[in-house]
Amino acid sequence: MARKLLLQHENVPGINTFEVYRKNGGYASVEKALKSMTPDEVMEEVKKSGLRGRGGAGFPAGMKWSFLDRKSEKPRYLVCNADESEPGTFKDRYLMEKIPHLLIEGMITSSYSLGANTSYIYVRGEYMYVISILEKAIEEAYAAGFLGKNILGTSYSLDLYVQPGGGAYICGEETALLESLEGKRGNPRLKPPFPAIAGLYASPTVVNNVETIAAVVPIVNQGGDEYAKIGVGKSTGTKLISASGHINKPGVYEIELGLPVEEFIYSEEYCGGIWKGRKMKAVVAGGSSVPILPTDLILKTAKGEQRLMTYESLSDGGFVSGTMLGSGGFIVLDETACIVQHLHTFARFYHHESCGQCSPCREGTGWMEKVIHRIEHGHGHQGDIDLLVDVAKKIEGNTICPLGDAAAWPVASAIRHFREEFEYHIKYPEKVKNPKHFELEPFVSEKSLVTA
Amino acid sequence: MTDTKTIEFSATTKALVDRILKRYPEGRQKSALLPLLHLAQAEFGGWLSVPTMDYVASVLNIKPIEVYEVASFYTMYNLNPVGKCLIEVCRTGPCMLRGANDIIEHIENKLGIKEGETTADGKFTLKTVECLGSCGTAPMLQCGADYYENLTNEKVDKLIEKWNSINDHSTYMRSNRVEL
Chain R
1 MARKLLLQHE NVPGINTFEV YRKNGGYASV EKALKSMTPD EVMEEVKKSG LRGRGGAGFP
61 AGMKWSFLDR KSEKPRYLVC NADESEPGTF KDRYLMEKIP HLLIEGMITS SYSLGANTSY
121 IYVRGEYMYV ISILEKAIEE AYAAGFLGKN ILGTSYSLDL YVQPGGGAYI CGEETALLES
181 LEGKRGNPRL KPPFPAIAGL YASPTVVNNV ETIAAVVPIV NQGGDEYAKI GVGKSTGTKL
241 ISASGHINKP GVYEIELGLP VEEFIYSEEY CGGIWKGRKM KAVVAGGSSV PILPTDLILK
301 TAKGEQRLMT YESLSDGGFV SGTMLGSGGF IVLDETACIV QHLHTFARFY HHESCGQCSP
361 CREGTGWMEK VIHRIEHGHG HQGDIDLLVD VAKKIEGNTI CPLGDAAAWP VASAIRHFRE
421 EFEYHIKYPE KVKNPKHFEL EPFVSEKSLV TA
Chain F
453 MTDTKTIEFS ATTKALVDRI LKRYPEGRQK SALLPLLHLA QAEFGGWLSV PTMDYVASVL
513 NIKPIEVYEV ASFYTMYNLN PVGKCLIEVC RTGPCMLRGA NDIIEHIENK LGIKEGETTA
573 DGKFTLKTVE CLGSCGTAPM LQCGADYYEN LTNEKVDKLI EKWNSINDHS TYMRSNRVEL
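Residue numbers (the numbering used here), protein chains in the order written: chain R, 1 to 452; chain F, 453 to 632.
None of these hints come from the bench; they were simulated from the model. Heads up, a few of these hints could be off.
[Unchecked claim] Sample of chain F residues lacking proximity to chain R, with all beta carbon distances greater than 12 Å (derived):
1. F461
2. R471
3. S483
4. H490
5. Q493
6. E521
7. T544
8. G545
9. Q594
10. N605
11. D609
12. W615
[Claimed, not checked] Simulated crosslink set (DMTMM-like; lysine to aspartate or glutamate; CA at most 25 Å straight-line):
13. R:K436 to F:D554
14. R:K433 to F:E567
15. R:K184 to F:E478
Think of the CB as a built atom: it goes at the ideal place given N, C-alpha and C, for glycine as much as any other residue.
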């Protein structure tokens with residue numbers, strides 16, 4: 001069995017309560033940090049751990065903390081990004097629902113290190129029931145003296161609040177989240193200034209994902225060096241993977257980074273193989289934004305090396321033959337899935353979620369959705385595939401925030417690896433009119449169907 | 453549409469609003485806008501009418517436009533009346549792969565409405581939504597604040613039967629994950 005640092009007590013009855021959580025070693029990191037470490041020493045452990053942001057970007061967490069403007073006289077804030085909305089990702093919900101105190105403990109230890117006396121957990125509004133769970137856990141933590149004034153008799157005080165969102169994927173982008181937390185529309189801000197200098201209420205702010213903050217707990221308890229021993233290279237520690245799609249055992253799994261992708265998909269400990277005895281066609285390995293890969297490239301790199309669940313191995317080959325670990329939203333498609341239909345749901349998603357601030361994204365996502373819709377429904381034109389590639393290129397890199405890139409990558413990669421399926425839709429419009437076309441008649445590669 | 457009845461939070465909600473306002477530093481009370489809109493929607497019929505939004509603006513001492521622009525940005529705020537049960541079915545990639553389209557079709561046939569519509573008796577509104585973070589338990593739907601997961605047509609039938617007896621917007625006030 002792999003080591004678990006976050007979910008090791010997930011099946012302990014009552015672990016969602018303060019009492020049981022505490023009995024299982026909970027809140028030890030708060031005691032250790034507040035009573036025996038300086039805030040900077042806590043940050044040093046996080047740096048040593050090599051922990052990278054678990055929301056998707058993978059930026060080193062300790063370095064992000066070190067950018068916080070400590071000379072400013074304004075109050076500092078830690079804001080937890082629990083606006084989990086990347087399609088295929090549900091690990092944060094699982095963690096908050098099962099072990100809410102782990103996040104709260106991480107928030108206290110991290111806030112102490114950052115010198116924040118008020119911190120917020122911004123939870124997507126649809127997770128209303130999770131908000132109730134967190135609020136109850138926070139109440140328990142206040143009652144036990146782990147929140148509020150003079151925590152554990154020290155001079156450190158912290159107030160922690162939960163803030164609901166209103167239903168907007170874009171608020172997972174950290175500056176849009178801060179706008180939203182200020183009671184505004186979730187339009188991402190131009191950077192610089194970065195939140196570390198001028199974030200919430202124009203004060204120095206760190207925004208971290210739920211899983212990142214939770215990981216601070218084992219890092220402080222065991223020390224950053226111990227944490228860094230798990231994993232491969234710059235992919236240290238454990239990672240929560242949300243597994244969904246055509247697999248036997250969808251769910252949230254905590255893996256040690258470095259696990260072979262093949263083992264993750266086929267072993268009984270994790271996904272348990274492809275459902276209904278079918279074969280796998282493709283995988284979206286890190287949430288809807290990352291490039292989709294066909295079976296051969298997800299199991300092995302273009303160089304023929306075994307693909308591992310690490311930031312580096314998944315991105316090996318760049319966007320030509322690789323993808324990204326992203327948020328760890330692992331979506332598996334079997335041989336009957338239609339790549340175009342699947343892509344259409346993503347294109348619709350990004351069109352729906354574009355905040356409308358930048359023209360390339362606002363207009364481009366709409367065009368991509370429209371063109372993919374007509375291809376999928378048997379109304380595609382000869383030039384549509386190249387048109388999609390062109391629109392995707394014009395969005396990528398031309399927007400304030402990464403939503404534009406996130407919308408462009410799935411389209412570009414689907415065409416790169418599955419161009420033949422798009423061509424099939426254009427050549428055989430009658431065959432694709434039934435939405436279950438590839439279930440009825442599996443797609444078979446025919447080379448040179450359409451010459452554009 | 454003019455809402456003639458006086459719009460005012462109940463005493464219980466007012467106390468909650470006071471507590472919410474204390475979460476933010478002095479002068480930053482606008483931060484309470486999103487939570488207050490949720491409360492208003494739950495208390496005043498499941499949607500946000502212009503008078504409701506104006507009332508929220510007055511509570512926060514901000515301009516009405518500051519409320520409208522936010523309410524129209526976020527998908528959870530309904531700017532038109534909805535049925536007593538708002539059924540929202542996720543249809544993004546992972547749910548689609550596990551049969552969300554069949555579930556949507558089944559509900560449409562069962563209720564005799566298309567997505568986006570409300571039944572003539574005002575009981576049900578059916579909406580399709582983008583990823584609700586329940587991909588591992590797909591297909592799924594949200595009704596009010598509750599999640600219903602691993603759906604089958606049979607489960608949906610049972611739920612609709614149960615919801616048929618609901619005569620108010622109480623689902624907006626609950627917040628559970630319902631095990632089926």
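Structure-based check of all given hints:
no.: 1; hint: F461; result: holds, 17 Å
no.: 2; hint: R471; result: violated, 10 Å
no.: 3; hint: S483; result: violated, 5 Å
no.: 4; hint: H490; result: violated, 6 Å
no.: 5; hint: Q493; result: violated, 10 Å
no.: 6; hint: E521; result: violated, 6 Å
no.: 7; hint: T544; result: violated, 5 Å
no.: 8; hint: G545; result: violated, 5 Å
no.: 9; hint: Q594; result: violated, 6 Å
no.: 10; hint: N605; result: holds, 16 Å
no.: 11; hint: D609; result: holds, 22 Å
no.: 12; hint: W615; result: holds, 17 Å
no.: 13; hint: R:K436 to F:D554; result: holds, 11 Å
no.: 14; hint: R:K433 to F:E567; result: holds, 20 Å
no.: 15; hint: R:K184 to F:E478; result: holds, 17 Å
Violated hints, in rising order: 2, 3, 4, 5, 6, 7, 8, 9; the structure is consistent with all others.
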